[in-house]
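Note that the protein sequences, when read in sequence, are chains A and B. If you read the first sequence in this note's numbering, its first letter stands for residue 1, the second for the next number, and so on. If you read the second sequence in this note's numbering, its first letter stands for residue 1001, the second for the next number, and so on.
These aren't lab readings, by the way, just hints derived from the structure by calculation. Any given hint could turn out to be false.
Derived CB-CB ranges, DEER-like [claimed, not checked]:
#1 B:E1327 x A:P91: 49 to 57 Å
#2 B:M1001 x A:G143: 48 to 56 Å
#3 B:V1090 x A:L120: 34 to 42 Å
#4 B:G1089 x A:D260: 52 to 60 Å
#5 A:Q114 x B:R1217: 53 to 61 Å
#6 B:D1167 x A:D174: 50 to 58 Å
#7 A:D337 x B:D1167: 54 to 62 Å
#8 B:D1167 x A:L120: 49 to 57 Å
The following residues of chain B were derived to be distant from chain A, with all beta-carbon distances above 10 Å [what the hints assert, rightly or not]:
#9 I1019
#10 G1024
#11 V1027
#12 E1124
#13 G1143
#14 S1230
#15 S1312
#16 A1357
Glycine residues also receive a C-beta, built at the ideal position from the N, C-alpha and C atoms.
2 protein chains.
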Amino acid sequence: MALIVQKFGGTSLGDVERIREVAGRAVAAQKAGNDVVVVVSAMGTETDALVALAHQVSDAPNPREYDVLVSTGEQKTAALLAMAIQVLGVPARSLLASQVKIHTDNRHAQARIQRIDGELIRGELERGAVVVVPGFQGISPEGNITTIGRGGSDTSAVALAAALGADVCEIRTDVEGVFTSDPGLVPNARKLARVSYDEMLEMASLGAKILQTRSVRFGKQYGVPIHVRSSFNDKEGTWVVPESEIMERLVVSGVTYNRDEAKITIFSVPDVPGVAARIFVPMSDAGVVVDIIVQNVSTRGHTDVTFTVGRSDLTRALSLAERLAEELGASGVESNDSIAKVSVVGLGMKDHAGVAATMFQALSDEGVNIEMINTSEIKISVVIEEKYTELACRTLHDAFELDKIVAQEEVL
Amino acid sequence: MALIVQKFGGTSLGDVERIREVAGRAVAAQKAGNDVVVVVSAMGTETDALVALAHQVSDAPNPREYDVLVSTGEQKTAALLAMAIQVLGVPARSLLASQVKIHTDNRHAQARIQRIDGELIRGELERGAVVVVPGFQGISPEGNITTIGRGGSDTSAVALAAALGADVCEIRTDVEGVFTSDPGLVPNARKLARVSYDEMLEMASLGAKILQTRSVRFGKQYGVPIHVRSSFNDKEGTWVVPESEIMERLVVSGVTYNRDEAKITIFSVPDVPGVAARIFVPMSDAGVVVDIIVQNVSTRGHTDVTFTVGRSDLTRALSLAERLAEELGASGVESNDSIAKVSVVGLGMKDHAGVAATMFQALSDEGVNIEMINTSEIKISVVIEEKYTELACRTLHDAFELDKIVAQEEVL
């Protein structure tokens, strides 16, 4: 008998019919002999609607009240799903974060989970109930409702799985697993059987919208096996596991892209110590998240600094950059919001030379110009013109022969 | 400095614009030097939508989960209103039933309030905050969310006012107070300046949809002055107060009507001891709420029994009545759902003879036939054909000269 935590996203819970289907899956898992805890998101786009309401009421909604408001979405789904499971003849009970005791800090709207009591849930499981927990929410030391940031239900699920010592945390979603690239863009993309936490982390932060980065970090930290699989069928999905459990490391296991960024260049900045801080500390203070930073070698005491920011932050970041450029005596500022970041990710890069060379050559052969480059131990990212996104993804997918990885599927 | 509990209904909180107006009223009350606690209903018809969802999921939704679900409506409004008050520069904080500690029994969906802790609210008031409490909800001894029945926010407000020793509980609604009759039906209806708890109770249970009966009972029990007034302006409304505070008792202070009932007659029931029980115990067991019961004097050992039930219960009550009639050897069953109950209510009836006579004569003069009569110490109800409702109300309003009561308005 295993303990399974299943998390279902908003699309899988969009209407009553889908809630019934989810109830069916939870009950099937229980009838197969498992203890089952289900973590739910809000129905469909309900969270967006609640956030919109908050912003209609206030330009800067009070964070404490914001959390009281937006947490109602998941509470609603949890109650409906518990009812739907009961209709199938299985005892079920919703337990809110304040009842479970999902302790967080008090940073409203972006709280961090600190400790979860498992007692109440274990009691319910022992009496044969399926427990339904609204994701995304917690409770502060002061006893106030907190939420843990958009998409936080993944993190809630993995954290609950860790706290309960679950055998698996299933992330049920509208795709069948983690693919070598976005199948919408790269038709011959393949589903990966296994992927390491680190690869998943890179893929998630590089644009793959399957799992929330924080949930993967949690999974890695506590060694929770995560199984990303479909909400709509029972096919095996992708297991996210420790690196030690990956038999055969792929040099590259995925090609991801992100079109949500924009690029800013400050030209001819006097290259003196502390100049980077004078640009990026104010950016950070203004809440602008900077991703890639490239600084060219200095020529005649001056350097060009280029960096990327979220596209929605561009206006703010640009006017700040213009002010800073003036203060620093730079020659000018330029921006471009028609860029894309395309990345290849793979554990095998650690051991294999030549990945960068293969990547750059493949792109060059297709005439795709590389504007910026950023690397880490297991990924290489390039910034290119946005219109080449699809071409670049397909080219790289072929160059690393990702359509040929069948061996992994057969491991299981 | 007074402590005011203000309750706003769903119509007054139907959209963001109205929530802003309500925020304005709460802030105005505070700026006038008062401590202010606001109790809110769900926005507009949100509760109906949540109840409909529950019934889509299950024919008989689990009551515990039903409460988790429907309580989200008020939680949402409470958070939005707290934000809107903050926008006006005044500190505000929503406190859920589980935070305030509004203790109820564990009869889900129809829980009774048992005890309210005032401490947390008093602390917030002391630091100058407006406290916003979602109505309708409580917490069971087991720590589960409960709700106290439809329209329960009135009761929440009065109970909170009692627990906090508030100087007044304002019920802010879409009418300007309690009128001598429904102004929609009787154009010269007048607003009452004061009405006693008992009169208000009778009016509420006889069809005036201004205040929930339970809230009036609570107010009477704990001596909470209730001020029924408009959500949209600051005119004096109607004070609901102890009988001892009513200077001049009106013989009749209101004419109410109810078109939600239907009538069932069982003909020629053998008149033996226990026969009423054999009809009405099964009705009660089946959850049918019976209002008026009339049993004629027995002729040759048989009697006709007529009673009214809620119109929505008619089909169920009728088939039950037919089965019972057969068991009891009655001669037949008849029903009519085109009836109305018209009532006159007034404390002064206690001292004045002839109210019934005036009532019956006035109706007779207009050719309105009386089908059933029911009386209590301070009210007389008659059941008539539904099509005469307006005529009967106007006739009685004139007969008791209710359009002439101006003196009371000037008392204040």
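Hints, one by one, checked against the model:
Hint check: B:E1327 to A:P91, Cβ distance near 39 Å, so the stated range 49 to 57 Å is violated. Between B:M1001 and A:G143 the C-beta distance comes to about 28 Å, which lies outside the given range of 48 to 56 Å. At about 38 Å, the beta-carbon gap between B:V1090 and A:L120 stays in the expected band of 34 to 42 Å. For the hinted restraint 52 to 60 Å between B:G1089 and A:D260, the CB-CB distance of approximately 36 Å leaves it violated.
For A:Q114 and B:R1217, the hinted distance range of 53 to 61 Å is not satisfied, since their beta carbons lie about 45 Å from each other. A C-beta distance of roughly 55 Å is found between B:D1167 and A:D174, which places it inside the suggested range of 50 to 58 Å. The hint said 54 to 62 Å for the Cβ distance between A:D337 and B:D1167, and at roughly 59 Å that hint holds. Between B:D1167 and A:L120 the beta carbons are some 41 Å apart, a value that contradicts the proposed interval 49 to 57 Å.
Interface exclusion of B:I1019 from chain A breaks down, the closest Cβ pair being 6 Å apart, not more than 10 Å. Distance check for B:G1024 against chain A: the nearest CB is about 13 Å away, which clears 10 Å, and the non-interface claim stands. For B:V1027, the condition that its CB be more than 10 Å from all CB atoms of chain A holds, with the nearest at approximately 14 Å. Distance check for B:E1124 against chain A: the nearest CB is about 12 Å away, which clears 10 Å, and the non-interface claim stands.
Not every beta carbon of chain A lies more than 10 Å from that of B:G1143, the smallest distance being close to 6 Å; the non-interface claim is violated. Every CB of chain A lies more than 10 Å from the CB of B:S1230, the least distance being 22 Å, so the non-interface label holds. Listed as outside the interface, B:S1312 is consistent with that label: its C-beta sits roughly 23 Å from the nearest C-beta of chain A, beyond the 10 Å cut-off. Look at B:A1357: its CB is around 55 Å from the nearest CB on chain A, clear of 10 Å, so calling it non-interface holds up.
Taken one by one, the earlier hints fail for this structure at numbers 1, 2, 4, 5, 8, 9, 13, listed in ascending order.
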